[in-house]
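Starting from the structure of chain A, add chain B where the hints point.
From first to last, the protein sequence lines stand for chains A and B. So the first sequence is numbered by my numbering: it starts at 1 and just counts up by one. So the second sequence is numbered by my numbering: it starts at 1 and just counts up by one.
Be a bit skeptical, because a hint or two may be false.
If chains are identical, the list can't say which one is meant, so a pair holds when it fits in one copy or spans any two.
30 Å max Cα-Cα, derived DSS-like pairs, lysine-lysine [unchecked claim]:
1. Lys251 to Lys283
2. Lys2 to Lys182
3. Lys119 to Lys239
4. Lys186 to Lys81
5. Lys251 to Lys122
6. Lys177 to Lys96
7. Lys177 to Lys107
8. Lys239 to Lys283
9. Lys282 to Lys123
10. Lys182 to Lys283
11. Lys143 to Lys67
None of these hints come from the bench; they were simulated from the model.
Each chain, letter by letter, is given below.
There are 2 protein chains.
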Amino acid sequence: MKLLDCTLRDGGYYTNWDFDSELVDTYIQSFNHLPVDYLEIGYRSNPQPDYLGEYFYCPVYVMDRLKAESKKKLAIILNEKDVRAEDVNSLLAPCKSLIDLIRIAVKPANFERALGLSKVIKKMGFEVSFNLMYMSDWETFPKLFGLMKETEGVVDYLYLVDSYGGVYPEDVRLTIKRVRDKADTKLGFHGHNNLEMALANTLAAIEEGVNIVDSTVTGMGRGAGNLKTELLLTVLNSKGLIEFNYNWLSKVTDPFQQLQNNYEWGTNLPYMVSGANSIPQKKVMGWVTKRFYSFNSIIRALSNQSQGRKDN
Amino acid sequence: MKLLDCTLRDGGYYTNWDFDSELVDTYIQSFNHLPVDYLEIGYRSNPQPDYLGEYFYCPVYVMDRLKAESKKKLAIILNEKDVRAEDVNSLLAPCKSLIDLIRIAVKPANFERALGLSKVIKKMGFEVSFNLMYMSDWETFPKLFGLMKETEGVVDYLYLVDSYGGVYPEDVRLTIKRVRDKADTKLGFHGHNNLEMALANTLAAIEEGVNIVDSTVTGMGRGAGNLKTELLLTVLNSKGLIEFNYNWLSKVTDPFQQLQNNYEWGTNLPYMVSGANSIPQKKVMGWVTKRFYSFNSIIRALSNQSQGRKDN
Numbered sequence: 001m002k003l004l005d006c007t008l009r010d011g012g013y014y015t016n017w018d019f020d021s022e023l024v025d026t027y028i029q030s031f032n033h034l035p036v037d038y039l040e041i042g043y044r045s046n047p048q049p050d051y052l053g054e055y056f057y058c059p060v061y062v063m064d065r066l067k068a069e070s071k072k073k074l075a076i077i078l079n080e081k082d083v084r085a086e087d088v089n090s091l092l093a094p095c096k097s098l099i100d101l102i103r104i105a106v107k108p109a110n111f112e113r114a115l116g117l118s119k120v121i122k123k124m125g126f127e128v129s130f131n132l133m134y135m136s137d138w139e140t141f142p143k144l145f146g147l148m149k150e151t152e153g154v155v156d157y158l159y160l161v162d163s164y165g166g167v168y169p170e171d172v173r174l175t176i177k178r179v180r181d182k183a184d185t186k187l188g189f190h191g192h193n194n195l196e197m198a199l200a201n202t203l204a205a206i207e208e209g210v211n212i213v214d215s216t217v218t219g220m221g222r223g224a225g226n227l228k229t230e231l232l233l234t235v236l237n238s239k240g241l242i243e244f245n246y247n248w249l250s251k252v253t254d255p256f257q258q259l260q261n262n263y264e265w266g267t268n269l270p271y272m273v274s275g276a277n278s279i280p281q282k283k284v285m286g287w288v289t290k291r292f293y294s295f296n297s298i299i300r301a302l303s304n305q306s307q308g309r310k311d312n
Numbered sequence: 001m002k003l004l005d006c007t008l009r010d011g012g013y014y015t016n017w018d019f020d021s022e023l024v025d026t027y028i029q030s031f032n033h034l035p036v037d038y039l040e041i042g043y044r045s046n047p048q049p050d051y052l053g054e055y056f057y058c059p060v061y062v063m064d065r066l067k068a069e070s071k072k073k074l075a076i077i078l079n080e081k082d083v084r085a086e087d088v089n090s091l092l093a094p095c096k097s098l099i100d101l102i103r104i105a106v107k108p109a110n111f112e113r114a115l116g117l118s119k120v121i122k123k124m125g126f127e128v129s130f131n132l133m134y135m136s137d138w139e140t141f142p143k144l145f146g147l148m149k150e151t152e153g154v155v156d157y158l159y160l161v162d163s164y165g166g167v168y169p170e171d172v173r174l175t176i177k178r179v180r181d182k183a184d185t186k187l188g189f190h191g192h193n194n195l196e197m198a199l200a201n202t203l204a205a206i207e208e209g210v211n212i213v214d215s216t217v218t219g220m221g222r223g224a225g226n227l228k229t230e231l232l233l234t235v236l237n238s239k240g241l242i243e244f245n246y247n248w249l250s251k252v253t254d255p256f257q258q259l260q261n262n263y264e265w266g267t268n269l270p271y272m273v274s275g276a277n278s279i280p281q282k283k284v285m286g287w288v289t290k291r292f293y294s295f296n297s298i299i300r301a302l303s304n305q306s307q308g309r310k311d312n
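Extracted from the complex, chain A is given alone in its bound form (with noise of 0.2 Å):
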């Protein structure tokens, strides 16, 4: 089983993907030392209108620098509404033994279309996975669970992506079931801590033989945020999986800890309505770090939401 760190990318929706470059030396001279497999360090994406910072581009010099320094293999992720498959070129071939692992984020309408993405990119020589999002959802996709057989040779890790952070383990479990009956393709799990059920669930994915799952540290990430990375490590150590330094795990804690202060990452009410009601966090995210709405309000809005109303 594989882990995969993505603090640099999930978090980079706090930070608009700027990162202090001593930050992201602590962190990767720390995971150097840590048993995690992959580490997740941005976009690469085509140009946008808005301002956005150096992870969310990964240019040339910022893969050069951190293939340097890291003893881990490196991925990168696409957002696939965003990428056809006459960007692929000029977007990975950069990377080329610099990047191991191409992500792609996928929505469920888009799988197909996707597909023929991974072709692509599978052929220039990189793993790739789906990170196929809103795994609630996708049985109101009629064809979806049909098109997964097409994911065989052609994506190394198909993930079940909780993006409402709304999920329990016996969803996880079913939907790894159900996924199974269709491909062989190897899983992961992406769990999202609206409901603080992030840990519970991926050790579920775990138990159930996923091959891959993600976390960040502290949690970091869109939103409510992700499975935290010192708790899964704590965990799995605990239980004797893995070994390592707790120097290394709490120097590289610490900074992102510091961070959370300013960003505020982490659940609270209106997360916690959204996950348990499936509405989208994006949303949420923008409501509760303007700081403008009071929770209460949001709440209002939320549960209007969920009854199919319009927002007051």
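Frame of chain A, contents of chain B only:
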């Protein structure tokens, strides 16, 4: 199934059992509109040498005020190790008609002695619960399960307390079955959140049919804290088990969230390590809140302890 909120009692570990009276009013008024059955307002205690605030003693004027304001059943807790049968009358006679449930925090080693205490309290007409600590160690007390039959008719709720914050849902299920083999007493669950497993463990306990579960607003409570009341209510609501107006939940959560910014309860790497390795949180909380030691040195001391070495 009953819900008990013990914010004022367990949260007192951070405020030394002093709470602003406006905050307590908000707390009581909000819970009047929420589907929680019991509010545990504090300890009743013999005089102690150190300064400890109002809610550590719950003098009659406090109980009078809360009884007048609250529509809920009220509970207080006694520390079994500090209370003998001969203290009961002076501590509890003033509680008659004000307090419904007397909880007793019991160490497994003192279980038999606690049964005597419970009989005296039961005769006074109170409901009684045992908050039986260290559930993960129960198997190491040879006489404990054999004595559980004697709680029938003497103890209204026998709680499994995850004192270290280190158990998993399968442990909860197994221990409930072990107790049920021995006694028909109603059961309760009090979970700690070191490993962010408080919700998963509590949901497992509820599925196993326990009769009462504990939580606190924002998880406020000793060390890493407890299951968050706002999380439990949101999840039970999304499962269609309870109904309430989110305005009241938000109203009581907000001020405790503010307080949390000062006191910083909740889990972190030292609490995770202590939970995963069954080290008492009292010790870790002392180290963490003094802010005198780096997390790093705390972790080193903890991991030495868990290996049976002396602190360094």
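Against the structure, the hints come out as follows:
In this assembly of identical chains, the alpha carbons of Lys251 and Lys283 lie at most 30 Å apart only when taken from different copies (22 Å versus 33 Å within one copy). In this assembly of identical chains, the alpha carbons of Lys2 and Lys182 lie at most 30 Å apart only when taken from the same copy (22 Å versus 43 Å across copies). Proximity of Lys119 to Lys239 under the C-alpha cut-off of 30 Å is found in neither arrangement, the shortest distances being 38 Å within a copy and 41 Å between copies. Taking CA atoms no more than 30 Å apart as the test, Lys186 paired with Lys81 passes inside one copy only; the shortest distance there is 23 Å, against 54 Å between copies.
For a Cα distance limit of 30 Å, the shortest separation of Lys251 from Lys122 qualifies neither inside one copy, at 36 Å, nor across copies, at 52 Å. Proximity of Lys177 and Lys96 under a CA criterion of 30 Å is satisfied in neither setting, with 35 Å inside one chain copy and 56 Å between copies. Proximity of Lys177 to Lys107 under the C-alpha cut-off of 30 Å is restricted to the intra-copy arrangement: shortest distance 20 Å within a copy versus 43 Å between copies. In this homomeric assembly, Lys239 and Lys283 come within 30 Å of each other (Cα to Cα) only across copies, at 23 Å, whereas the closest approach inside a single copy is 38 Å.
In this homomeric assembly, Lys282 and Lys123 never come within 30 Å of each other (Cα to Cα): the closest approach is 33 Å inside a single copy and 56 Å across copies. For a Cα distance limit of 30 Å, the shortest separation of Lys182 from Lys283 qualifies neither inside one copy, at 33 Å, nor across copies, at 51 Å. For a Cα distance limit of 30 Å, the shortest separation of Lys143 from Lys67 qualifies neither inside one copy, at 39 Å, nor across copies, at 59 Å.
In terms of the numbered hints stated before, the structure departs from hints 3, 5, 6, 9, 10, 11, listed from lowest to highest.
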